[in-house]
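Visitor: Now for the letters of each chain:
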Amino acid sequence: MTAESAPARRRTGPGLVSRVGIVVVGIGFVFPFLWMFATSLKPSLEVLSSGGSLLGSRVEWSNYSAVWTATPFARILLNSFLVAAGGALLAVTVSLLSAYAFARLRFRYRDRLFLVFLGTLVLPQEILVIPLYIMASRAEMVNTYAALILPFAFGAFGAFMLRQFLLTLPRDYEEAARIDGAGQLRILLHVIAPLLRAPLAIVGAFLFIEYWNSFLWPLIIIYDQEMATLPLGLQMFSGERGTDWGPLMAAATLAVIPSLLIVVAMQKQLAHGVNLGGFGGR
Amino acid sequence: MSAATTAPADRRATTSRRRPRSEGGLALRYLAPGMTGFVVFIVVPLLASLTISFFDWPLFGVGDFLGLENYREMLTDDPVFWRVLGNTVLFTVAFTALNLVLATALAVWLQRLGSWAPFFRILFFVPVVVPMVANALVWRLMLDDGGVVNSALGLVGIDGPSWLGEPALAMVSLVAMSIWQGIGYNIVVLSAGLNNISPIVLEAATVDGAIGWTRFARIVFPLLSPAIFFCTIMTVIGAFKVFTQPYMLTGGGPGDATNTLVLYLYNQGFSFHDLGYASALAWVLFVFVMLVTALQFAGQKRWVSYDS
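From first to last, the protein sequence lines are chains A and B.
Per the UniProt record's numbering, residue 1 is the first one in the first sequence, and the count goes up by one each step.
Per the UniProt record's numbering, residue 1 is the first one in the second sequence, and the count goes up by one each step.
You may find that some hints are simply not true.
Covered stretches of chain A, going by a simulated chain B footprint (3 or more residues, C-beta under 8 Å) [stated by the list, open to error]:
| id | stretch |
| --- | --- |
| 1 | 103-110 |
| 2 | 129-143 |
| 3 | 148-155 |
| 4 | 205-216 |
Hints listed in this document are in silico derivations from the structure and should not be mistaken for laboratory results.
Think of the CB as a built atom: it goes at the ideal place given N, C-alpha and C, for glycine as much as any other residue.
Start from the sequences, fold in the hints, and give me the full structure.
Guide: Structure (structure tokens):
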């Protein structure tokens, strides 16, 4: 790290050491997934006796059929998608309406109301699970999609992010539409929403992931494997199989695949970083 | 929504000169879904949780009013609570500090790799999207006494320890697994922050002789500080509510070595059916998180610079 070498290295682009280094880090980083997949193809007896070897004595595809027959895996996958997509869609819609009111409309107590609402951004929803459980059981909504979706669709995250983006958006387009005689709702749907496409996609993606990975709440509110989401289905399966690692890792691998598809779908956003705005410029 | 379409066509032009007209009625309609849900699913449960914490409340039915008894028991009679609180604070400090240092270092490193950067940002994000249960299961397998980690250590002549069986190592494992799982989120957010730094500023700094560590400390860090602050707030909150990792990786053990507040809350509520005590734990967590977050906001003036 001498003063002379640094600028020279910069001009020739990243050095070889830097590139080899990141490849090594990257391989180390994905190793758990490699190990998961390798184990899913090993005979169960060899899992803990094969040492560091990636391959067992034979390829045991039956681990996968064990998952498929022991769990309603397709149904679990469908549950996860329905809950995550439904929850994200609901939350984004509600958030857009709130964000528009907070960013564009004038009314009394607007800023104070927004601050109270914003305060719940840092509220861990884990602390609400006890009363939510009591509410759900009184309303006889235990073990339903509604119970999985509704309690977490009204957080401040989406409205806060969308309001931040709205505040940076010039009002000219809305003014033009208004002069053309468009009403508020039409302006919101046909002028603002298209302009906010990128932030709507990002907020939607993050809400989707939150539902997709949610575990504590499904663990509390769902008791039926037919209604389980992916994390819960996996936990139920691991409860049944104990340390039968072959089928367990097959189930885990099956859970990774749809998640990889989500990452692929988000790659354009992820590639250059996701600007979540931070707390500045309020 | 016909009422919404009757808004005056040239509001901006008139309001800039006259008294601002309130759009309360309209706002009410836009805010109705969000605020109804906010009250029903956040405000009411929050207050209900406080109420329940004053009761002996079983899983079914309603129990007796206890006043502050749950809190008295927690603070003076329950050594597990203090253990769990200590574990949670330890986990939060270790997880947040390491996560942010590593995420910042990796984000800066990736930034300098040019065309290779997008691929690795996506790669580091993968565990964020994979269900935590799957991640925890494979780590449990790898860290097993006869697992691949100890096999690898054996190759270089080290007799591997019991990663999940010894209290201190179990906590180390929990932190390591959680960082691997969550670091991609911060890398992606910090990368956006780095991309927002103008190359002209960096070029000017280089011309002025600021390179290497000096350049990072004097130029990059201040410009990145709002993004780092945002990540710190979110990471601390995420750490305080850690549940899935100890639940799946160690079950809170050995003993209570990796038991955390939310795991303890879950067990009190749904294994021991004591919803009152679980709610008291929830409120302690709530007050704790709010205090720590408020302190961070108060302290941000010292190191976060918003002018750019």
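Visitor: Tell me, in ascending order, the numbers of any earlier hints that this structure violates.
Guide: Failing hints: none at all.
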